[in-house]
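A.B. asks: Here is how the chains run, residue by residue.
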Amino acid sequence: MKIDIDAPYHTRVNQALADADLRTALDRATAQLAKRRLTALAAVDAELMRDEGRSVRERAILRLPNLLEELEGNLTSNGCTVHWARDAAEATNTVVEIAQRSGVECTVKSKSMLTEEIGLNHALEDAGIEVVETDLGEYIIQLDDEPPSHLVAPVIHKRAEDVSRVFERELGMEPTLDVAVMCGIARQELRRRFLGAQMGISGCNFAVAESGTICLITNEGNGRMVTSLPPVYVVVVGIEKVVEKVEDAVLLWQAATRNATGQEVSVYFSLTSGPHPPGHADGPQEMHVVLVDNGRSGVLQRRYADALLCIRCGACLNVCPVYREIGGHAYGRTAYSGPIGSILTPLLSEARGGQAPTCPSQARYAVRVMTPAR
Amino acid sequence: MIPRPKVALFVTCMVDVMYPRVGLAAVVFPEGQTCCGQPAFNAGHRKEATKLAANFLAVFGPLVESGEVDAVVAPSGSCTATVRHSFRVLMEEGATQQLRDWARLVGDHTHELSEYLVDVLGVEATGAEASCTLTYHACCHLLRDLRVDRQPRTLLENLRGSDLIDLEEAEECCGFGGAFAVWNAEISTEMGLRKARHLDATGAEIVAVGDVGCMTHINGILVRRGHRCRAVHIAELLIDDPEGGS
Chain A
4 MKIDIDAPYH TRVNQALADA DLRTALDRAT AQLAKRRLTA LAAVDAELMR
54 DEGRSVRERA ILRLPNLLEE LEGNLTSNGC TVHWARDAAE ATNTVVEIAQ
104 RSGVECTVKS KSMLTEEIGL NHALEDAGIE VVETDLGEYI IQLDDEPPSH
154 LVAPVIHKRA EDVSRVFERE LGMEPTLDVA VMCGIARQEL RRRFLGAQMG
204 ISGCNFAVAE SGTICLITNE GNGRMVTSLP PVYVVVVGIE KVVEKVEDAV
254 LLWQAATRNA TGQEVSVYFS LTSGPHPPGH ADGPQEMHVV LVDNGRSGVL
304 QRRYADALLC IRCGACLNVC PVYREIGGHA YGRTAYSGPI GSILTPLLSE
354 ARGGQAPTCP SQARYAVRVM TPAR
Chain B
82 MIPRPKVALF VTCMVDVMYP RVGLAAVVFP EGQTCCGQPA FNAGHRKEAT
132 KLAANFLAVF GPLVESGEVD AVVAPSGSCT ATVRHSFRVL MEEGATQQLR
182 DWARLVGDHT HELSEYLVDV LGVEATGAEA SCTLTYHACC HLLRDLRVDR
232 QPRTLLENLR GSDLIDLEEA EECCGFGGAF AVWNAEISTE MGLRKARHLD
282 ATGAEIVAVG DVGCMTHING ILVRRGHRCR AVHIAELLID DPEGGS
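From first to last, the protein sequence lines stand for chains A and B.
Per our numbering, residue 4 is the first one in the first sequence, and the count goes up by one each step.
Per our numbering, residue 82 is the first one in the second sequence, and the count goes up by one each step.
Please keep in mind that the hints were generated in silico from the structure rather than gathered at the bench.
Keep in mind that this is a model prediction, so the values were computed, not measured.
Please note that the accuracy of each hint is not assured.
Unchecked claim - Estimated spans, in silico, between C-beta atoms of each pair: (1) Ser300/A - Glu173/B: 21 to 27 angstroms; (2) Arg278/B - Gly356/A: 40 to 46 angstroms; (3) Glu149/B - Gly356/A: 49 to 55 angstroms; (4) Glu250/B - Glu61/A: 45 to 51 angstroms.
Claimed, not checked - The following residues of chain A were derived to be distant from chain B, with all beta-carbon distances above 12 angstroms: (5) Asp30; (6) Thr42; (7) Glu55; (8) Asn69; (9) Glu75; (10) Met176; (11) Glu177; (12) Glu192.
Think of the CB as a built atom: it goes at the ideal place given N, C-alpha and C, for glycine as much as any other residue.
Chain A with its partners taken away, still in its complex shape:
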């Protein structure tokens, strides 16, 4: 059963609570992620990592305007085109224009919550451009016409049984619960899509100001394909994602993966600083970086800078007793669910002049206790 994401708050919550399959999926997955996280943190000085993480993020936010200009300068000298977008409409229009100028018919995307926030897929599709999500979880929910329900595990609300049904229906798969078989089918289908796309789109985990480098954390290799295979590569970046130095990004990379999935590091960490230089065979011919505000500077002006320190590891969702009962879709039409979503969603929507939606409020413990950037 699907949750009606646009229904009133209590309707969504009741739909989630009545869905036994959803609650099984959430129980299994959040417990596993939370356990892996504790193991991964026990292997390092977790408190020191938090302190250093916070200091890196604070330095970045305190110097935000300067760092953004430094980032723009370095990206430009690396051969990128930098675009500034005040809001979702400016951001999506920019990307659609880039696609139209290059005659793009199909784009492949790496997972990005910012593109969810600004509604990029719909804007591209409205312009007649096909969008294919290439992160496995995102691919599954795109096939099932659902938004992600978790910051880092978008399909956490589905059990293997549910995914199997989507693949049977959409890809003509023979019924199976063998995850390897399902992955194989997705891989084949996606490989074909990578080779046929004229544009790659990704978000950005960290943008390094000193070198003009876009850092992307992925586990499936799809991020590297998106950033290197198609001739045009577009990155959308929330302005708060900037950090001063490469070392800062490396520290936060570790903090993010240990907290998100319990990995020491992710399988891939893709650093892209510009289109391929003359003489190089690999990389995009054209690289665009869209720096998106969409309420962030308003959040800063209202002195909620702490909310912008978040590195979106999703750990607070996995330990949140509320998220565990209802999952992400019950939080409504927002990219950010769980405890951090209960903070970011109202702040961002108020900063954009909208009304704060109803969220479960019991968020603060999870965020305060968990946040890798403290």
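Guided by the hints, dock chain B onto chain A, whose structure is given.
C.D. replies: Chain B alone, transformed into the frame defined by chain A:
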């Protein structure tokens, strides 16, 4: 001989109105005390919370400052956390120097009951008897805001004849969360049911808690769903006559 410490009791709203026996179990009872302002603060009503905090400080501040009492003790993790942590924040802007000083002073001298017994007085056993099988639920504010967990467990383990049974997910929220239980009754109930399932698995007759808010919520679930276990405030377990005599 160690001089007998003087303690001012901060009775807290819910204990005052709903469970006065919890309060009686714990000494100088300053008249004129009110709510510390926690519900208002949590709901974002800063102005109202500041007013209540200022009244609280006007009642307890002079007692602590003059040395008339050595400590303010409350049978509640969440109210203690408000006095210790939130008052300083509330008094940051616009308050008089006197209130700011009191916020710091009273904050430093306010303790949750089990924390006061173990950490300040060095009392690890009260001599009371455990009359039934026990487990312990770690209330959110006590555990997360005050980082108090070892203290109540120590006191419970040291009850005569005690066998404290481990509770699965003891540190998970029971679903109360103050106004959360009102605005999100459905989620709150589901969280409470999960807690009740874990309590059943322990087989304990009593689950000790450090906040009567959590106690009320847990008992609401346990009673309505016909469970045998009951939530009891730790203060009532630490004295020998839990019925309180009078």
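A.B. asks: Please go over all the hints and tell whether each is borne out by the structure.
C.D. replies: Status of the hints after comparison with the structure:
no. : hint                                    : result
1   : Ser300/A - Glu173/B: 21 to 27 angstroms : 25 angstroms, holds
2   : Arg278/B - Gly356/A: 40 to 46 angstroms : 45 angstroms, holds
3   : Glu149/B - Gly356/A: 49 to 55 angstroms : 53 angstroms, holds
4   : Glu250/B - Glu61/A: 45 to 51 angstroms  : 34 angstroms, violated
5   : Asp30                                   : 10 angstroms, violated
6   : Thr42                                   : 17 angstroms, holds
7   : Glu55                                   : 22 angstroms, holds
8   : Asn69                                   : 28 angstroms, holds
9   : Glu75                                   : 37 angstroms, holds
10  : Met176                                  : 34 angstroms, holds
11  : Glu177                                  : 37 angstroms, holds
12  : Glu192                                  : 38 angstroms, holds
In this structure, the hints that do not hold are numbers 4, 5, in rising order.
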